[in-house]
Each structure stands twice: as structure tokens, then as C-alpha cells.
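Asker: Listed here are the chains, written in short residue letters.
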Amino acid sequence: RKEVEQDPGPFNVPEGATVAFNCTYSNSASQSFFWYRQDCRKEPKLLMSVYSSGNEDGRFTAQLNRASQYISLLIRDSKLSDSATYLCVVLHSGAGSYQLTFGKGTKLSVIP
Amino acid sequence: DTGVSQNPRHKITKRGQNVTFRCDPISEHNRLYWYRQTLGQGPEFLTYFQNEAQLEKSRLLSDRFSAERPKGSFSTLEIQRTEQGDSAMYLCASRFPRDDEQFFGPGTRLTVL
Chain L
13 RKEVEQDPGP FNVPEGATVA FNCTYSNSAS QSFFWYRQDC RKEPKLLMSV YSSGNEDGRF
73 TAQLNRASQY ISLLIRDSKL SDSATYLCVV LHSGAGSYQL TFGKGTKLSV IP
Chain A
4 DTGVSQNPRH KITKRGQNVT FRCDPISEHN RLYWYRQTLG QGPEFLTYFQ NEAQLEKSRL
64 LSDRFSAERP KGSFSTLEIQ RTEQGDSAMY LCASRFPRDD EQFFGPGTRL TVL
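As given, the protein sequences belong to chains L and A, one line each in that order. Here the first sequence stands for residues 13 to 124, where the numbers follow the numbering used here. Here the second sequence stands for residues 4 to 116, where the numbers follow the numbering used here.
With the rest of the complex left out, here is chain L (with noise of 0.2 Å):
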């Protein structure tokens, strides 16, 4: 099993609607959780990061189910610019050690 498994794209929607993008993760002591997005050809840039509490940044609502191992990212009214691959991330830290690790990422386009 892999350790960060997304839902697999791509996702085609129209503009102005509601979308939502799963992700499981393998590592119960995983402390932090987060999306990024990527444009293509580009680098990945933090969208949000994802609390148990779940937190909302406009369009954009994140969750957190640490007993099932579960995050979600759900994108309302769409919009064109919204088109891009996103990357559900999750971080275990210890001893020396700090590491992210990427699910294979969602692909998102909006269409007019």
C-alpha cells in the first residue's frame, strides 16, 4: 500500500462547480497534513495547510479524519484558474528526521 494515495484524475469540471478530492494516508503517527498544488511545468506551492479542526480559505475547505486516515479538499465555484495538479502531502518528523511525503497528485481542469 502506498503510503499517500489520491483520488486518480483527471477531473474535467465546469466552471462554477463543486469539486472534491480525496487522499488516505498509511502512517498513523503522521503529525501534519497539507495540499499543494502544481502547475504543470511548474513547482509545487503550498495551497493550505489541513487541521483536524478542518479550516476553509475562501473557495477552499480542507479536512482532517485522523481515525480513518483521510483528507479531503473540496474546491467550490470553480474557476478557469483553478486548473492544476493537486498534491496531497503529509509529514512524519523524529529524530533527525523530517520528511514530506507526496501523493502522486490529482489532476484538475476547469472548463469554460
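Just so you know, these hints were derived from the structure itself, not from any lab. These figures come from a predicted structure and were not determined experimentally. Glycine residues also receive a C-beta, built at the ideal position from the N, C-alpha and C atoms. It cannot be assumed that every hint is accurate.
[Claimed, not checked] Listed next, the in silico SDA-like pairs over lysine to any residue satisfying Cα-Cα at most 25 Å (straight line):
1) L:Lys54 / A:Glu47
2) A:Lys60 / L:Gln43
3) L:Lys116 / L:Phe72
[Said to hold, decoys possible] Pair ranges (Cβ atoms, derived):
4) L:Ser40 / A:Ser61: 16 to 26 Å
5) L:Tyr63 / A:Arg67: 32 to 42 Å
6) A:Glu86 / L:Arg71: 40 to 50 Å
7) A:Phe99 / L:Ser109: 13 to 23 Å
8) L:Ala79 / A:Lys17: 48 to 58 Å
9) L:His104 / A:Thr79: 24 to 34 Å
10) A:Ser30 / L:Lys54: 20 to 30 Å
11) L:Arg78 / A:Ser76: 16 to 26 Å
12) A:Thr114 / L:Arg88: 36 to 46 Å
13) L:Ser109 / A:Asp66: 16 to 26 Å
14) A:Ser30 / L:Arg78: 29 to 39 Å
15) A:Lys74 / L:Asn24: 32 to 42 Å
Starting from the known structure of chain L, arrange chain A on it as the hints suggest.
Answerer: Relative to the frame of chain L, chain A by itself:
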């Protein structure tokens, strides 16, 4: 300082040659990371520096790979005797000690012919 920079941006080499990539992190960031990304995959961790100390290496980092950060500022990643399977995007990232966010550079795209 506008962010993490990497050089070169593209490198084409023949199998068996050695290549070296450079990463300049954001100046206040003492943590530096190297990742490899192939098409359709997320970035895969290679190695991690805290200042000049290399604290962690992935099993992906075979003995043909070596990374250094001699003065705790810029870092180099060298691949010796390149193989076609080394073709990938090599990404560098840095972070401030108290923050979790890693800032990525634009990457070096390596093509081994």
C-alpha cells in the same frame, strides 16, 4: 531574495556522464531538501540538510548520487555515471526552522540520452 533558485533549468546529457545541479535556498532558511519528480508522480524525497549537515537520505539515493551543502547556504546534487532512469525533474526546497511550509525552486529537468 525572490525565492529558491536552481541551475541549470535544463540539462541534457549522455548516459554515463556526470552531472551537477545547484540550489540556492531562501537566505534565512537553514533547512534544504532535494526531491525527484517523474511524469505523473508526486515529488519523491531524496535528502535533507540542516545547515551543512546532511541529516537524512532516502533509499532512492544510490551511491551514484551525492549531495553537499558545504557552507550551509547553497547545495549541489551530483549524479555520477548517469542512466536513462535518472531522467526526471530534480526539485530543491527550503524552509525556515519553525515553519512547516517548504518553498520549492523551479527545478532542473534532466534528460539522459
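Asker: Could you tell me which of the numbered hints above are not met by this structure, giving the numbers in increasing order?
Answerer: As far as the earlier hints go, 11 and 15 are violated by this structure, in ascending order.
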